[in-house]
Amino acid sequence: MNQSSITAQNATRRIVKRSRRYLLSLSILALAAGPAWAADLPLSGGGKEIVVLMPSRSNAYLAQWIRGAEASAKEDDYKLTVIENNFDQTEQDSQTEQRIALPHQPAAYIWWPADARAGIASLRRLSRTGVPVFQANQAVQPAAKKYVKAYAGVDDFFNGQIAGQNAEAARAAFVAAGNKLSSPGGNLVILKFIPGYSAGDDRERGFMDATKGKPFHVIATEYGGFDNASGYKAMSQLIPRIRGQGIDFVYGMSDGPVTGAVQALEEAGLKPGKNVYLVSATCIADISAIKSAKEFATGVQAAGLEGWFAVNVVARYFAHGDKILPGTYIAPATVDARPQFTEPPSEVNIIPNPPVVVGTNAADAPKVLANFKLWGQTFVDHCVY
Amino acid sequence: MMLEILELSKSYGAVAALSGVSFSAERGKVTALLGENGAGKSTLVKILSGLVVPTEGKIALDGHIIDTSTPDRASKSGVAVVQQEISVLPNLSITENFMLTAPSALLRRAKAASACRAYLDRLGLGDVDVGRPTGSLSVGERQLVEIARMLAQDAQVLVLDEPTAALGDRDIALVHQAVRRLAAEGKVVLYITHRLNELEEICEQAVVLRNGQVADRFATADTSIARVIYAMVGRELNELYPAVGNRAEPDGSSASNLVLTGLRTAGLLGSVDLDLKPGEIVATAGQIGSGFVEPLRAVAGVTAMTAGTMRLQGKAYSPRNHRERCSAGVAYCSADRQLDGFFPDRPVWETMSAPALAASGLWGSANGQRLRRSTDRLADRMTISLAYRDRAVRALSGGNAQKVSIGKWLSNDPQLLLVEEPTRGVDVGARAEVYRVIRSLADQGLSVLFASTDLDEVLGFGERVMIFHNRRQVETLPASALTRDKLATWITHGSCNG
Amino acid sequence: MVAAMVDLSGVRTTASQSAQSKGRGSVAVSLQSLAPIAPIALIFVIAAVAIPGFASGPNLIAVVQASAITGIAAIGAAAITIVGKFVSLAIEQQAVTAAYVFTAVLSIGQPVAVAVAATLIVAVIIGAVQGYLVARGLNPIVTTLAFGSALFGAVVLLSNNRTITLRHNPLAWLGGGTSWGVPNQAVVFVILLAIGTVFLSHTRLGRQIVLCGANPKAAELIGIPISRLVIIAYISAALASALVGMLVVGQVSQASSNMFDGLTIDVVAAILVGGIAIQGGEGQLWRAGVGALILTMLSNIMLLLGLDAGVRLLLKGGLAAAVLLAMTVMRRRSR
Amino acid sequence: MSRLDKGLGLRLGLSILLIVICAIEVDGFATMATLASIVENVALIGLLAAGLMLTMVAGQLDAAVASVAAVSAIIALLLGPYSLVLGIVVALVVAGLYGCGIGWIIARTGVSSLVLTVCMLIGLRGLALILVPQSPAVLADGLLWVSDGLVARVGPTTVLGIIGLVLILALGLGMRCTRLGLSLYAVGGNLERARGSGVNTTKVYMVAFAGSAMLAATAGILAALRSGSASGTGLDSFLLDGVTAAVVGGVSLEGGRGSIINVLLGSLIVRIIAAAAALLGMQSSVESIATGCILLAMLLLDDALGTRRGMKTAARWRVLGRPLRT
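Protein chains in written order, with this note's numbering: chain A, 1 to 385; chain B, 1 to 498; chain C, 1 to 335; chain D, 1 to 326.
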């Protein structure tokens, strides 16, 4: 084991410890706030219907989300109906109108707005049916809080924070490996999703928040899309412009664009994992970059787990007699088994988003990944779909 | 009281289409406007209709200068033009076409229908449903609708640009009747035509344009056709129709090229028979709708043969598509060669070489230079000027474009040439050229079958004439046995004793 | 005598005049054919002077590289334009289909040759079906739109909405590698452009495709098999899309449903900005490649200027419109 | 006449067939509520399709409708806090002026309208993103009653549905009963001939594109009011929805043909499928297969019935620029 990888491992441990502590304290808080019914409650929905209004599963992440949600519904004996729109708010509005108008209303609605934060009037009309509405994946807008019982899903701000921690670890390892930072904080490129997609803005804020102690020097922020090809295209065009300044770090909003960026950097003669470190906090589908340690660290934001969790929150809401606890609850990132969720859901329920730091040693990376477990499932189970 | 054209000039860049044209046309008379293609007629018409603004000059009606700077203003000034290309909208009904030129912003369909009914009646279209889309009418009927529409505009100056070019005899008579009535109503009528016989029939005076200038003016009553032609082409035209050359036939009974026996199609009520020898030019004549184009189209494979047999050089022949026809050595030119005769935006040589290219199949290389050179011989034979061979066909005059669209077939060495209306849209000078070229091809063994509504052409250019009436072949006679009157009687009555 | 008279009626110019006008004509022609180059050159010069880093070698290679995918797809799609059937609106969907077929066959353990063959065969079928429908007289825009929609749905459904990631990527060298410092994608692009250009002017098939687009009625009358040519054009467009699909898989080692978002619009824009007459019948294939280059250069310049996404789109649309209008006006003048 | 009837009959038949199938097969389809919602959406998509029909009948195509709708909706909602009415008026005026400009350019330069409007599609999307770079423009709480008002039920439809249908029918009436409307068909039938018949083609193009832009703006504003928000990336699907409805409605891309009733039926067919898919919780990929197949079937049926034949040679794709013969 060489020096750099030991430093990296230390950094990893520190991050994991810190975030564990953070998560633990949060969950304890949440536990303390609720009454302590420790007894195992049966979450049987008796075959009642939950209607999910969401964008199309032609996107792999959403498809995996639905698989998780369906598994969860099966466990808790709910019937899940997914009404898909083609990432189109107008279509979702009409579908909402149609569903609301039907005589047989479901037990609950899960609302995943097509256009980030949009569709507020439809959400309001959903809530007026008297059927509880839960929002998924896209954070609830302040103006819409009163229409939503609870939120379940990812927290893009939190995801950004994890990425920030990953980036800090990367910086430590970068320096420890004997690389010289191009600027005091290190030069950073941010690859955001697409214009107008608010998750990207939230993640960027989270990232900045986590690194505000010693901020990175952001030399470029570019839209890198959701997949490898877009990330590649963005990065390869960006490199000639910013190369002279020195590229130390790349923060991609997910592993898709990061994997593309790795390719672009390599073609430009840079060496990801050697003289440029890449981080993200969302693994998605393609794990080749992290597996070869060309990506320094990522995070497990598992689509399937998110879908499972969303339906579970609904089920728990009913099991506890329509009870919602105030505040935010971040589900614990337990390793070997899924935690027992016995308490009523909170207003905001966030899935765990544990960081995965593989460092820079390609030989060790597969091992790190193989050893990783979240809720009893491996990295591959969560991230490859 | 008259229309006066005062020193009108129009240049396109360095080329002067009209230079200082002045003449007048009286009310109550039909004034013929003559000239070859490119003489400046169409520019003059465009100026009158407001589509083109003259470089210099004015137009006066009854002593007042009128404004024809846009189509709208031209029609407000009382000038109405029946374009050479019919401007009736095919997707609109007859009534709608009328309403299009009506002044009111709101449409009153019922009223308009009865109004246009009256005009149609005047032109003999009384039995046509005014709700029909004009696209479903025959060309002649559309032309009449066009004239009717112009009548409805209450125009003072009526310009008719070759209104009878596409019409059969019956329709021509209708148009003439209409034109005479218009003149009698005291309107100025400018009548453009290539049919010289129309001069004596309906025109009282004539203006001849040549090279953008007025070449001659005369009253038609005391003018010979020779003077007209001289004024148009600048020289006398001795032989419009070339003589039959020395046919290279060893004996009188040479093998037939095309034999039709008992041919029937959906468009025919009777069967057609024909025996076409190599080097022979045969015409089919009849009124529009009489079925006279059917044999050509059946041989061309455009319409299906329903009964009978076709034999080409002794072999059974029934083409299912144009490819099979082409590979059998049969060339076909439709009547609308502006539409399907050539590739307007490509150089002339590409059109000229296209049949050979198509015949060579899809696979293999094609050398552009070689193709270009191979067309030189054809272009020479078609007397297409060297300067034009690399130009787009679009840039050519009507006559030259016709030569290209017929001449292209030579690249394929056809045995049989089928032509509908061989000289439609071709002026007198170029027309002689087209005849001469086809004749010389025939003299080298090509058989020609052409369909024409121009009786002079049928008699002058055809060696034999297949006469059609009421969708039946009524007779086939040597052209020498016919006169214009006799032929007219045949095609209108289906017999020689009208 | 008669010949002279015909010249009088038709030509009405003396020999020297006609030579002169021919000379003018050829000047106009070359100006017209250079029209798409002019904006490129202008933009290039301005950018090279005004923007640091633009004229650097790596940046220019990046531009060519970034235009390669659009360009390759545009070369194929240009066949549809040239044969007179406007454009295909199913380019994205064809590329996605190819990407999925290719990765699916590879991931069940078949050798790369089998995967390539399968992808190309599927492309030929897809192209032939569309070509057949359009040759029957169906509206090409709507047909490809509808077909693309159905195709995309079918592929997504069959793939069970999953992304397929390759563990071992046998086409990585082609999709991502470089030869003599030039990305292989760009090399493929340039080679295809050259092949296509020669094909159109030097083969019977190519020349007949051009004639078919110039006037389908005339082409049919002289025995050119227009239905077959239309089908061939659609097949070639599908094959180009398939190649794009495989190249991108080679580059990113995965197939996902949204990997070609926006490709169709890019391709259409490239064809049109390059100046291929949309009515068909103009056989200058290189224009498609030039169009792709112009567009990529525009976005590259805006990226170098660090403009915001909204501003970038606004300028892209505006500049494309300006190039288009300038070219339209120039072309009309030269006629 | 008979040709029109055949097309109308085909669409009417298909609509009825679909309704019967859905009523039997899809739970909850045969309710007044579903009907109301379908009619509402038919009106919304119909507005777009009717706008597209204006340009398509004139032989052109306005591909920028989606971006125009988005920008207009954003303008209206951004100005909402001051005065919603003002916002809507400004948005419509801006759209109208834009359309006039585009129509003028197309008439004067003969540029391919499809290509030019694709450029506008891209450019205006950029403008939308500039106007609302991050979070969408939202309807203030105090104005949410507007949104509720729009979806309030009125008989077999909603207020939004009635607004849309009234506008569409008014347009249909205008196209049938004014000379301007007839001129649109004339220009689409044959540009040169229309000009020869004294039609002011520049004016016709300006009216067509201004109408198309304003109808798209209306649809965009209505959709945004209904959902209470307008984002920079929103309303993207409007182009495809509108074109699909118009084409299923038998509007010919060759120009010169199309009727409002058929367009409404086209929108209805498209929306019935969408509604059934939503009620069944169908995967969107299945829906896109269904839509694609219906479109193809429609084309093939029209072709077989000959409703599109006959005039192909007359008009040649003017949407692609100047016609072959000038």
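Among the clues, some could well be false.
Pulled a few chain C residues facing chain D out of the computed Cβ check, cut under 7 Å [unchecked claim]:
| hint | residue |
| --- | --- |
| 1 | G153 |
| 2 | L157 |
| 3 | L272 |
| 4 | G318 |
| 5 | A326 |
| 6 | V329 |
| 7 | M330 |
To be clear, the hints were calculated from the coordinates, so they are not data collected in a lab. C-beta atoms are modelled at their ideal positions from N, C-alpha and C, and glycine is treated no differently.
Hints, one by one, checked against the model:
1. G153: 4 Å, holds
2. L157: 5 Å, holds
3. L272: With a closest approach of 4 Å, the L272(C) hint holds.
4. G318: Cβ of G318(C) sits 5 Å from chain D, so the hint holds.
5. A326: A326(C) check fails; min Cβ-Cβ to chain D is 10 Å, beyond 7 Å.
6. V329: 6 Å, holds
7. M330: Hint violated; M330(C) Cβ to chain D Cβ min 11 Å, cut 7 Å.
The structure fails to meet hints 5, 7 from the earlier list, while all remaining hints are met.
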